[in-house]
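Assemble the whole structure, with the sequences as input and the hints as a guide.
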Amino acid sequence: MQGRPQATSHPPERSLLPKLEIAFRVNGVERRVALRPWTTLLDALREHLDLTGTKKGCDHGQCGACTVLINGRRVLSCLTLAVMKDGAEITTIEGLAQNGELHPLQTAFIAHDGFQCGYCTPGQICSAVGLIAEGRAKTSDEIRESMSGNICRCGCYPNILAAIEAVMQGSET
Amino acid sequence: MIDFDYVRASDVGDALSQITKHQAAKFIAGGTNLIDLMKENVEQPTRLIDITGLPLNEIQETQTGGLKIGALVPNSDLAYDQRITRRYPLLASAILAGASPQLRNMASTGGNLLQRTRCLYFYDTATPCNKRRPGSGCGAAEGFNRMNAILGWSESCIAVHPSDMCVALSALEAVVHVAGPKGERAIKSADFHRLPGDTPEIDTNLARDEIITAIELPSEDFSRNYSYLKIRDRLSYAFALVSVAAALKIEAGAIKSARLALGGVAHKPWRAPDAEQGLVGEQAGRKAFCEAADIILQGAVGFAHNRFKIELARRAIVRALEQAAAGTPQSQSVKVIV
Numbered sequence: 001m002q003g004r005p006q007a008t009s010h011p012p013e014r015s016l017l018p019k020l021e022i023a024f025r026v027n028g029v030e031r032r033v034a035l036r037p038w039t040t041l042l043d044a045l046r047e048h049l050d051l052t053g054t055k056k057g058c059d060h061g062q063c064g065a066c067t068v069l070i071n072g073r074r075v076l077s078c079l080t081l082a083v084m085k086d087g088a089e090i091t092t093i094e095g096l097a098q099n100g101e102l103h104p105l106q107t108a109f110i111a112h113d114g115f116q117c118g119y120c121t122p123g124q125i126c127s128a129v130g131l132i133a134e135g136r137a138k139t140s141d142e143i144r145e146s147m148s149g150n151i152c153r154c155g156c157y158p159n160i161l162a163a164i165e166a167v168m169q170g171s172e173t
Numbered sequence: 174m175i176d177f178d179y180v181r182a183s184d185v186g187d188a189l190s191q192i193t194k195h196q197a198a199k200f201i202a203g204g205t206n207l208i209d210l211m212k213e214n215v216e217q218p219t220r221l222i223d224i225t226g227l228p229l230n231e232i233q234e235t236q237t238g239g240l241k242i243g244a245l246v247p248n249s250d251l252a253y254d255q256r257i258t259r260r261y262p263l264l265a266s267a268i269l270a271g272a273s274p275q276l277r278n279m280a281s282t283g284g285n286l287l288q289r290t291r292c293l294y295f296y297d298t299a300t301p302c303n304k305r306r307p308g309s310g311c312g313a314a315e316g317f318n319r320m321n322a323i324l325g326w327s328e329s330c331i332a333v334h335p336s337d338m339c340v341a342l343s344a345l346e347a348v349v350h351v352a353g354p355k356g357e358r359a360i361k362s363a364d365f366h367r368l369p370g371d372t373p374e375i376d377t378n379l380a381r382d383e384i385i386t387a388i389e390l391p392s393e394d395f396s397r398n399y400s401y402l403k404i405r406d407r408l409s410y411a412f413a414l415v416s417v418a419a420a421l422k423i424e425a426g427a428i429k430s431a432r433l434a435l436g437g438v439a440h441k442p443w444r445a446p447d448a449e450q451g452l453v454g455e456q457a458g459r460k461a462f463c464e465a466a467d468i469i470l471q472g473a474v475g476f477a478h479n480r481f482k483i484e485l486a487r488r489a490i491v492r493a494l495e496q497a498a499a500g501t502p503q504s505q506s507v508k509v510i511v
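Read top to bottom, the protein sequences are chains W and F. Position 79, counted from 1, in the first sequence is what the numbering used here calls 79; the numbers after and before it change by one each time, with no gaps. Quick note, the numbering used here runs 173 ahead of the 1-based positions in the second sequence.
Some clues are possibly wrong.
[What the hints assert, rightly or not] Simulated crosslink set (DSBU-like; lysine-lysine; CA at most 30 Å straight-line):
no.: 1; chain 1: F; residue 1: Lys194; chain 2: F; residue 2: Lys355
no.: 2; chain 1: F; residue 1: Lys194; chain 2: F; residue 2: Lys361
no.: 3; chain 1: F; residue 1: Lys355; chain 2: F; residue 2: Lys508
no.: 4; chain 1: W; residue 1: Lys19; chain 2: W; residue 2: Lys56
no.: 5; chain 1: F; residue 1: Lys212; chain 2: W; residue 2: Lys19
no.: 6; chain 1: F; residue 1: Lys508; chain 2: W; residue 2: Lys19
no.: 7; chain 1: W; residue 1: Lys56; chain 2: W; residue 2: Lys85
no.: 8; chain 1: F; residue 1: Lys422; chain 2: F; residue 2: Lys508
no.: 9; chain 1: F; residue 1: Lys212; chain 2: W; residue 2: Lys85
no.: 10; chain 1: W; residue 1: Lys138; chain 2: F; residue 2: Lys508
no.: 11; chain 1: F; residue 1: Lys212; chain 2: F; residue 2: Lys199
no.: 12; chain 1: W; residue 1: Lys85; chain 2: F; residue 2: Lys199
no.: 13; chain 1: F; residue 1: Lys361; chain 2: W; residue 2: Lys85
no.: 14; chain 1: F; residue 1: Lys460; chain 2: F; residue 2: Lys429
no.: 15; chain 1: F; residue 1: Lys199; chain 2: W; residue 2: Lys56
no.: 16; chain 1: W; residue 1: Lys85; chain 2: F; residue 2: Lys194
no.: 17; chain 1: F; residue 1: Lys422; chain 2: F; residue 2: Lys361
no.: 18; chain 1: F; residue 1: Lys429; chain 2: F; residue 2: Lys355
no.: 19; chain 1: F; residue 1: Lys361; chain 2: F; residue 2: Lys199
no.: 20; chain 1: F; residue 1: Lys241; chain 2: F; residue 2: Lys212
no.: 21; chain 1: F; residue 1: Lys212; chain 2: W; residue 2: Lys56
no.: 22; chain 1: W; residue 1: Lys19; chain 2: F; residue 2: Lys355
[Stated by the list, open to error] Chain F stretches covered by chain W per the calculated footprint, using a threshold of three residues with CB under 8 Å from any CB of chain W:
no.: 23; segment: 202-208
no.: 24; segment: 345-355
[Stated by the list, open to error] Far from chain F, some chain W residues (derived; all Cβ distances over 10 Å):
no.: 25; residue: Ala23
no.: 26; residue: Phe24
no.: 27; residue: Ala34
no.: 28; residue: Leu51
no.: 29; residue: His60
no.: 30; residue: Gln62
no.: 31; residue: Gln98
no.: 32; residue: Ala111
no.: 33; residue: Tyr119
no.: 34; residue: Ile151
no.: 35; residue: Ala162
no.: 36; residue: Glu172
No lab work stands behind these hints, which were simulated from the structure alone. No residue lacks a Cβ here, since even glycine has one placed at the ideal position from N, Cα and C.
In structure tokens:
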């Protein structure tokens with residue numbers, strides 16, 4: 001057909017710099033993977049390890065949907081290069097349940113209706129796990145501020161706060 | 174993001190030799206700003222040198238009674254270190270006013286100093302920006318400049334430095350220790366960041382082949398009368414429209430010494446030594462604080478969308494000084510401003 005660009009059957013080959021072998025523990029399991037240096041931890045988890053629970057929201061460190069725990073600390077996987085985390089211990093939302101039992105924060109988010117669409121929820125829960133482990137936020141104001149790196153487009157903040165407070169007080173419901 | 178290769182540096186000497194060998198290389202530590210800018214194609218290093226294995230993550234006492242903070246200490250560790258919260262609460266408060274807990278867990282102290290501007294036109298590669306592409310023009314001067322400078326700007330650039338931590342470091346007169354191929358040197362915080370002039374592509378006086386090793390805090394800590402007041406479009410997780418680091422020494426109601434630094438208003442944390450000097454000997458109160466604000470802002474010039482910042486800065490300066498004088502610093506979790 002005239003006037004329309006011809007589709008090429010194969011995209012042009014591009015020579016990329018070599019992949020690097022890295023190994024880390026993800027949710028308690030040793031994983032080895034060969035990745036380009038520019039692969040973010042977020043893409044490594046989702047596209048190479050099939051752990052799609054960690055969500056890609058803004059991909060620029062502005063929303064918190066990609067929050068995971070590295071060596072117990074909450075961080076943004078979208079602004080982390082996977083090659084820089086060789087040897088690290090990584091926990092994602094998939095790794096929180098133990099022996100078939102949901103993590104208390106997961107149970108509390110359900111009991112307190114801490115989500116609507118659910119897209120930000122894995123990041124919210126991983127962030128809350130980090131918050132509780134840090135042990136600094138005590139009051140409602142402090143918890144709100146300490147969760148401010150996790151945006152919820154559905155506006156479930158009061159219920160998210162209630163879920164976290166319930167777990168901090170030793171109850172899930 | 175363009176393709177790049179990745180190497181790890183084993184020590185400071187190795188890092189310096191690697192950056193010298195490869196002209197388009199950059200150091201990476203926390204990566205919170207650099208990776209974002211690489212995704213936007215604003216930064217295009219062809220090699221990243223990972224410095225996170227360098228032994229620069231200690232906070233140590235200095236012989237002169239201050240503290241020396243390793244360049245790789247994460248922002249959150251610094252903000253919650255008891256030596257910092259007890260002796261330099263102004264610094265802890267400023268750090269906690271910025272970013273989010275996740276970002277503060279990742280970001281390094283040295284990297285915080287090297288943050289690049291958040292000017293919309295610096296980020297948008299479809300528009301001109303003299304900082305991103307020298308000689309291309311400034312998109313912000315006649316564009317959406319709500320977040321831009323009111324002090325110290327030039328015809329070529331009206332960007333502001335985004336850091337909160339650096340505003341407190343400036344007020345505390347911290348010293349930046351760097352290492353380079355010719356050895357080590359110390360840069361006063363006032364001389365570390367620079368004004369844009371005709372070369373806005375250069376943010377700091379750190380040379381390309383130098384690396385920050387530590388930040389030194391002098392012994393004078395202003396731990397009694399201080400406040401970090403940050404005004405922004407939303408209460409958390411947003412860059413400053415205006416921020417003020419205020420620190421006073423008061424004896425019998427009279428000001429013995431004063432430090433004032435502003436964030437969100439210029440290409441560098443803004444100090445005004447004449448305003449600080451003018452406060453010395455005055456009674457700590459509204460009259461003196463208003464006069465200080467007038468001195469700081471007398472040369473301020475805004476643009477179509479940010480002229481409000483001049484009056485906002487005036488009020489924020491007075492309020493931060495009042496909070497400092499009363500010993501009631503701004504809380505970074507209870508957002509009410511009293």
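Checked hints:
1. For the hint pairing Lys194(F) with Lys355(F), the CA-to-CA distance comes to about 15 Å; that is within 30 Å, so the pair holds.
2. Under the criterion of a C-alpha separation no larger than 30 Å, the hint pairing Lys194(F) with Lys361(F) is consistent with the structure, at around 28 Å.
3. Only pairs whose Cα atoms come within 30 Å are accepted, and Lys355(F) paired with Lys508(F) is rejected, the gap being roughly 47 Å.
4. Between the alpha carbons of Lys19(W) and Lys56(W) the distance comes to roughly 23 Å, so the proposed pair stays at or under 30 Å and holds.
5. About 19 Å separates the Cα atoms of Lys212(F) and Lys19(W), which keeps this hinted pair within 30 Å; it holds.
6. Restraint check for Lys508(F) and Lys19(W): the C-alpha separation of about 47 Å exceeds 30 Å, so the hint is violated.
7. Distance check on the hinted pair: Lys56(W) and Lys85(W) sit about 19 Å apart at the alpha-carbon level, within 30 Å; holds.
8. Restraint check for Lys422(F) and Lys508(F): satisfied, since their Cα atoms lie roughly 25 Å apart, inside the 30 Å limit.
9. For a cut-off of 30 Å, the pair hint linking Lys212(F) to Lys85(W) stands: about 19 Å separates their Cα positions.
10. Using a Cα cut-off of 30 Å, the hinted pair Lys138(W) and Lys508(F) holds, with the two alpha carbons roughly 16 Å apart.
11. For a cut-off of 30 Å, the pair hint linking Lys212(F) to Lys199(F) stands: about 15 Å separates their Cα positions.
12. Distance check on the hinted pair: Lys85(W) and Lys199(F) sit about 18 Å apart at the alpha-carbon level, within 30 Å; holds.
13. With a CA separation close to 34 Å, the supplied pair Lys361(F) and Lys85(W) exceeds the 30 Å bound.
14. This hinted pair checks out: Lys460(F) and Lys429(F) have alpha carbons roughly 16 Å apart, not beyond 30 Å.
15. As the CA atoms of Lys199(F) and Lys56(W) are separated by approximately 26 Å, the hinted pair is consistent with the 30 Å bound.
16. The straight-line distance between the Cα atoms of Lys85(W) and Lys194(F) is roughly 25 Å, inside the 30 Å bound, and the hint therefore holds.
17. Between Lys422(F) and Lys361(F) the alpha-carbon distance is near 22 Å, which keeps this suggested pair within the 30 Å criterion.
18. Proposed proximity of Lys429(F) and Lys355(F) is contradicted: the alpha carbons are some 40 Å apart, above 30 Å.
19. Of the pairs offered as hints, the one joining Lys361(F) and Lys199(F) holds, with about 23 Å between alpha carbons and a cut-off of 30 Å not exceeded.
20. Restraint check for Lys241(F) and Lys212(F): not satisfied, since their Cα atoms lie roughly 33 Å apart, outside the 30 Å limit.
21. Taking the CA atoms of Lys212(F) and Lys56(W), the gap is about 14 Å. The hint holds against a cut of 30 Å.
22. Using a Cα cut-off of 30 Å, the hinted pair Lys19(W) and Lys355(F) is violated, with the two alpha carbons roughly 35 Å apart.
23. Look at the segment 202-208 of chain F against chain W: 3 of its residues bring a Cβ nearer than 8 Å to a Cβ of that chain, three or more, so the hint holds.
24. With a threshold of 8 Å between beta carbons, the proposed coverage of the segment 345-355 of chain F by chain W is violated, since 0 of its residues qualify and at least three are required.
25. For Ala23(W), the requirement that its beta carbon stay farther than 10 Å from each beta carbon of chain F is met, with the minimum near 15 Å.
26. Phe24(W), annotated as away from the interface, keeps every beta carbon of chain F farther than 10 Å; the closest lies near 15 Å.
27. No Cβ of chain F comes within 10 Å of the Cβ of Ala34(W); the nearest lies about 13 Å off, and the non-interface call holds.
28. Its beta-carbon lying about 18 Å from the closest one in chain F, Leu51(W) satisfies the requirement of being farther than 10 Å from that chain.
29. The claim that His60(W) lies off the interface is violated: its Cβ sits roughly 5 Å from the closest Cβ of chain F, which falls inside the 10 Å cut-off.
30. At roughly 8 Å from the closest C-beta of chain F, the C-beta of Gln62(W) falls inside 10 Å, breaking its exclusion from the interface.
31. Non-interface call for Gln98(W) relative to chain F: holds, since the shortest CB-CB distance, roughly 24 Å, exceeds 10 Å.
32. With a cut of 10 Å on Cβ distances, Ala111(W) stays outside the contact zone with chain F, its closest approach being about 24 Å.
33. Listed as outside the interface, Tyr119(W) is consistent with that label: its C-beta sits roughly 17 Å from the nearest C-beta of chain F, beyond the 10 Å cut-off.
34. With a closest Cβ-Cβ approach of about 8 Å to chain F, Ile151(W) is found to fall inside the 10 Å limit, against its non-interface label.
35. Distance check on Ala162(W): its Cβ is at least 18 Å (rounded) from any Cβ of chain F, clearing the 10 Å threshold; non-interface status holds.
36. Every CB of chain F is more than 10 Å from the CB of Glu172(W) (nearest about 23 Å), matching its label as outside the interface.
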